[in-house]
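Protein chains: 2
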Amino acid sequence: MRPIKTKNRIKVLKNLLQQRKDEAIFISKRVNVRYLTGFTGSNGSLLVFAHSDLPSIFFTDGRYGEQATIELTDSDCDDTTISVSNPQGPKLLEQVGSEVLRHDIRNLLIEASDLTVSTLEDIRTFLATHISTVPSQGIVETLRRKKDDTEIYAIERACEIADQALSNVKGLLLERVSERDFAIELEYQMMKLGADERSFASIVASGSRSSLPHGHPTQKTITEGDIVVVDFGATFMGYHSDCTRTYSIGEPTAFAAEVFELVSEAQRKVIALTKENALGKTLDETARDVLRTKDLEHRFNHGLGHGVGLEIHEDPFISARNESALDLGYVITVEPGVYIPGEFGVRIEDTLVVTKESARALTKIDKDWILT
Amino acid sequence: MRPIKTKNRIKVLKNLLQQRKDEAIFISKRVNVRYLTGFTGSNGSLLVFAHSDLPSIFFTDGRYGEQATIELTDSDCDDTTISVSNPQGPKLLEQVGSEVLRHDIRNLLIEASDLTVSTLEDIRTFLATHISTVPSQGIVETLRRKKDDTEIYAIERACEIADQALSNVKGLLLERVSERDFAIELEYQMMKLGADERSFASIVASGSRSSLPHGHPTQKTITEGDIVVVDFGATFMGYHSDCTRTYSIGEPTAFAAEVFELVSEAQRKVIALTKENALGKTLDETARDVLRTKDLEHRFNHGLGHGVGLEIHEDPFISARNESALDLGYVITVEPGVYIPGEFGVRIEDTLVVTKESARALTKIDKDWILT
Numbered sequence: 000m001r002p003i004k005t006k007n008r009i010k011v012l013k014n015l016l017q018q019r020k021d022e023a024i025f026i027s028k029r030v031n032v033r034y035l036t037g038f039t040g041s042n043g044s045l046l047v048f049a050h051s052d053l054p055s056i057f058f059t060d061g062r063y064g065e066q067a068t069i070e071l072t073d074s075d076c077d078d079t080t081i082s083v084s085n086p087q088g089p090k091l092l093e094q095v096g097s098e099v100l101r102h103d104i105r106n107l108l109i110e111a112s113d114l115t116v117s118t119l120e121d122i123r124t125f126l127a128t129h130i131s132t133v134p135s136q137g138i139v140e141t142l143r144r145k146k147d148d149t150e151i152y153a154i155e156r157a158c159e160i161a162d163q164a165l166s167n168v169k170g171l172l173l174e175r176v177s178e179r180d181f182a183i184e185l186e187y188q189m190m191k192l193g194a195d196e197r198s199f200a201s202i203v204a205s206g207s208r209s210s211l212p213h214g215h216p217t218q219k220t221i222t223e224g225d226i227v228v229v230d231f232g233a234t235f236m237g238y239h240s241d242c243t244r245t246y247s248i249g250e251p252t253a254f255a256a257e258v259f260e261l262v263s264e265a266q267r268k269v270i271a272l273t274k275e276n277a278l279g280k281t282l283d284e285t286a287r288d289v290l291r292t293k294d295l296e297h298r299f300n301h302g303l304g305h306g307v308g309l310e311i312h313e314d315p316f317i318s319a320r321n322e323s324a325l326d327l328g329y330v331i332t333v334e335p336g337v338y339i340p341g342e343f344g345v346r347i348e349d350t351l352v353v354t355k356e357s358a359r360a361l362t363k364i365d366k367d368w369i370l371t
Numbered sequence: 000m001r002p003i004k005t006k007n008r009i010k011v012l013k014n015l016l017q018q019r020k021d022e023a024i025f026i027s028k029r030v031n032v033r034y035l036t037g038f039t040g041s042n043g044s045l046l047v048f049a050h051s052d053l054p055s056i057f058f059t060d061g062r063y064g065e066q067a068t069i070e071l072t073d074s075d076c077d078d079t080t081i082s083v084s085n086p087q088g089p090k091l092l093e094q095v096g097s098e099v100l101r102h103d104i105r106n107l108l109i110e111a112s113d114l115t116v117s118t119l120e121d122i123r124t125f126l127a128t129h130i131s132t133v134p135s136q137g138i139v140e141t142l143r144r145k146k147d148d149t150e151i152y153a154i155e156r157a158c159e160i161a162d163q164a165l166s167n168v169k170g171l172l173l174e175r176v177s178e179r180d181f182a183i184e185l186e187y188q189m190m191k192l193g194a195d196e197r198s199f200a201s202i203v204a205s206g207s208r209s210s211l212p213h214g215h216p217t218q219k220t221i222t223e224g225d226i227v228v229v230d231f232g233a234t235f236m237g238y239h240s241d242c243t244r245t246y247s248i249g250e251p252t253a254f255a256a257e258v259f260e261l262v263s264e265a266q267r268k269v270i271a272l273t274k275e276n277a278l279g280k281t282l283d284e285t286a287r288d289v290l291r292t293k294d295l296e297h298r299f300n301h302g303l304g305h306g307v308g309l310e311i312h313e314d315p316f317i318s319a320r321n322e323s324a325l326d327l328g329y330v331i332t333v334e335p336g337v338y339i340p341g342e343f344g345v346r347i348e349d350t351l352v353v354t355k356e357s358a359r360a361l362t363k364i365d366k367d368w369i370l371t
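The listed protein sequences correspond, in order, to chains A and B.
Its first residue numbered 0, the first sequence is counted upward by one per residue in numbering that gives the first Met the number 0.
Its first residue numbered 0, the second sequence is counted upward by one per residue in numbering that gives the first Met the number 0.
Hints were generated in silico from the structure; no laboratory data involved.
As the structure is a prediction and not an experimental result, all values here were calculated from the model.
Note that CB positions come from ideal geometry on N, CA and C, so glycine has one too.
Check before you lean on any hint, since a few could be wrong.
To give an idea of the interface, some chain B residues facing chain A are shown, with a C-beta separation under 7 angstroms as derived from the structure [as the list claims (entries may be wrong)]:
no.: 1; residue: 111
no.: 2; residue: 112
no.: 3; residue: 114
no.: 4; residue: 116
no.: 5; residue: 117
no.: 6; residue: 119
no.: 7; residue: 131
no.: 8; residue: 134
no.: 9; residue: 138
no.: 10; residue: 183
no.: 11; residue: 187
Across the chosen pairs, the derived CB separations fall in these ranges [as the list claims (entries may be wrong)]:
no.: 12; chain 1: A; residue 1: 294; chain 2: B; residue 2: 316; range: 56 to 64 angstroms
no.: 13; chain 1: B; residue 1: 173; chain 2: A; residue 2: 147; range: 26 to 34 angstroms
no.: 14; chain 1: A; residue 1: 65; chain 2: B; residue 2: 11; range: 51 to 59 angstroms
no.: 15; chain 1: B; residue 1: 89; chain 2: A; residue 2: 200; range: 51 to 59 angstroms
no.: 16; chain 1: B; residue 1: 2; chain 2: A; residue 2: 200; range: 14 to 22 angstroms
no.: 17; chain 1: A; residue 1: 85; chain 2: B; residue 2: 171; range: 33 to 41 angstroms
no.: 18; chain 1: A; residue 1: 369; chain 2: B; residue 2: 120; range: 28 to 36 angstroms
no.: 19; chain 1: A; residue 1: 54; chain 2: B; residue 2: 103; range: 30 to 38 angstroms
no.: 20; chain 1: A; residue 1: 318; chain 2: B; residue 2: 211; range: 39 to 47 angstroms
Could you put together the complete structure from these sequences and hints?
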C-alpha cells in the first residue's frame, strides 16, 4: 500500500492564497487536513501562510505526535512544522493564536462550514483585537476536485473491493434474505476484501420501498416480484467508492422493464458525453431529456451525480445549477433514477474518472438486472 | 422494539430555560434533537421557547417530513409543530429566523460546540439587528446524564449484544487470527445479533501494540505470548455500549499477571464505591491509589470513565477534575488501565448504571483473561 503523496498540495494552496490576497488560513476540516498533510488521526489542524517561505504549522495533541511525524514524512508533505500540545503546556488553540500573532497576520481565513462557533471563540480569545477571523468556504475543496494518479488508484481499488463484494453476495437476493441481512453480508464482504470502512450506511430497499431514494435496510424479506435497489461503497486509503445496482427478483412487469431500460439509456447517454470540458448542467439535462421521452422526468427528484474522493459527496455536484466544466482527473458519479411512489424505483450509478475524450468507469460490476 | 418516549423532556428543558432567564434555544446537535423529539433522521433541528405555552418548532426538509411526523408521535414528544422546507419555499434557516422574529425573541441561545460558523451566519442573515445569538454549552447534555428506564433498557440490550458477540468469536484469538480480522468478525457478529451499528471503530491491539490505549487493528497476527486489548461496543435504538477485555494468549509473564491483578483490583474497588452521591474525583483517586501501591499510577494516562448514552462519550466525565456527585440513573464506564510502552497494556472496562446503594454492571461477559 503506497502512501498518498501530498507533495506540492500546500504549495498550490499558498499560490491560491496569494492570488486571493489572503495572508493565512486555518484548516480545521479533517479531510482537508488529511489531503494537505497525509495525517489520518482524529485531532489535527493546520495553519498555512500565503508567504512561500513560511513553513506551515500542524497542530495536534500528545496522542498523535509520533503518528503525525511519520505520516507527514511518508506523504512528502510540503514544509511543515509539527506542534504538539501537552496537558501541562499551552492549549492547542492558544498555540494557534500565538503563531498568528507571531507572524503578524491581520486577517485569518477560517473554514466556516467546519469550524464550530465555540472553537472560533476559543481561537479569538488568544488573538489581539486588531486581528480578524474571516469566514471562507470551499477553498481546499476546490483543490481536491482534480485527483492525481495515486488518488485514482485508491478510488479504483475501493471500487474493485465493492464490485467483488456485491458479486460474492448477489446470490442471496434469490434466497429470501432480509434487506438488513443482505446489507450486513455485503458490508462484511467489503471488510474481508480489504476495505478500510464502508463508504456510507448501505441502502438496500426492496419492493415498494425501492421507490425511497434513501431506503434504510429493514427486516423486510426480499421476495419474488420485488425490485431491489442496492447503493453501497467501500473506502480504501481514505478514498470512497459509490455504486448502485437495481435488481428484479424474477421477471419484472412490462412497466418496470420499460423504466429500467429508460434509466439505463439515460446513464449510457450521459456517460458517452462525460469528458474534459463537458458542462455539469449539460449532463444533467441529457439525463432528464431521456426520461422526458416517457414523461418520467418528474420522477427523477435528485441531482445527477457528485464528486467522490476523501468524502462520499464532494465537489463538483452535477446538477442543472452547475455551469462549470469538468476537468481531467475529476472523479464523479452518474446516477439517474426514476421513483414511482408506492410501486418501485430504479437507480443505476457508477463512479467514473474524467479523461480527455471520455470517462472511464471505476465501478465495473455488470448491470444484468433480472435475477432468476 | 418499544420506541424511546421523549414525553416531558422538552418541558424539563423549558423549566431550565426559565430558571436561567433565557427566552429560547436553537438545538442543532443531532443527538440532542433525537433526545428531545425521537427523530432519527440526518436533518432536523428544534427551536424551544422558555414560555410554557409556546409549542416548540421542529425543522426538517422534504425528505424527512413524513418520518418526523411518525417519530415525534411515536415518542410522545411534547407539544411541537413540524415545519418542512421545500425547494420552492423559504429555506430552512429562513424559517428559523422568521419564527424567532415572530415570537419577539431578543436573545437566542445556540449550541456553540455544534453549530458551525457558516450556519450561524446564515441564521443571522434572517434576524433583525436587535436580536442576539448567544453561545451556550452543554445545556441538553446536562439533562441527558440521567437515564430513564427505557434508555437503560436500550443500553443494556446493546451491552448484551456486544457480550454475546465477543463470546461467539473469542475462540479465534487462539487461532492465529489478525487483529483486523478479529475486529471484522466481532463487528459482524454484533450486526447479526441485532445491533444498529458498532459503537465506534473497535480497538484490537496485541503484543507490544497493546500498550497503545487506542490501537487501531492491523494485519498483525495474534500469537502465543501476546497480551490483547479488545475495546468495542454496539448501539441499540441509538444507545451505545462500551466494554474492554484484556486477554493473555497462553500463560502471561509474572509481571503481566501482576499488572492484570492490580488493574482488576482497581476496577473492583471503584465499582464497589460507585453509587448515588459518589464523587467522580473520589472514584478516579481510588483507582490511582490502587495502582500507586505498585508504583504504576503514572502508567494510567487517561480518565477513569465517562457517561454513555446517545453518544459513546458524554457527560459525566469521571476524572480527578470532576467534583460533582453521581446521580441515580447515570450510566458510566469504569475503565482503569496500565500501559507499559513497548511491552504490553491492560485495560478492563464495564458499562454500569448508578443505583442507590451500588452500581449494576450492564456489560457482563466474564473477565477470565488467560486463554489456552
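Which of the listed hints are broken here? Those not satisfied are hints 7, 9, 13, 14, 15, 18, 19.
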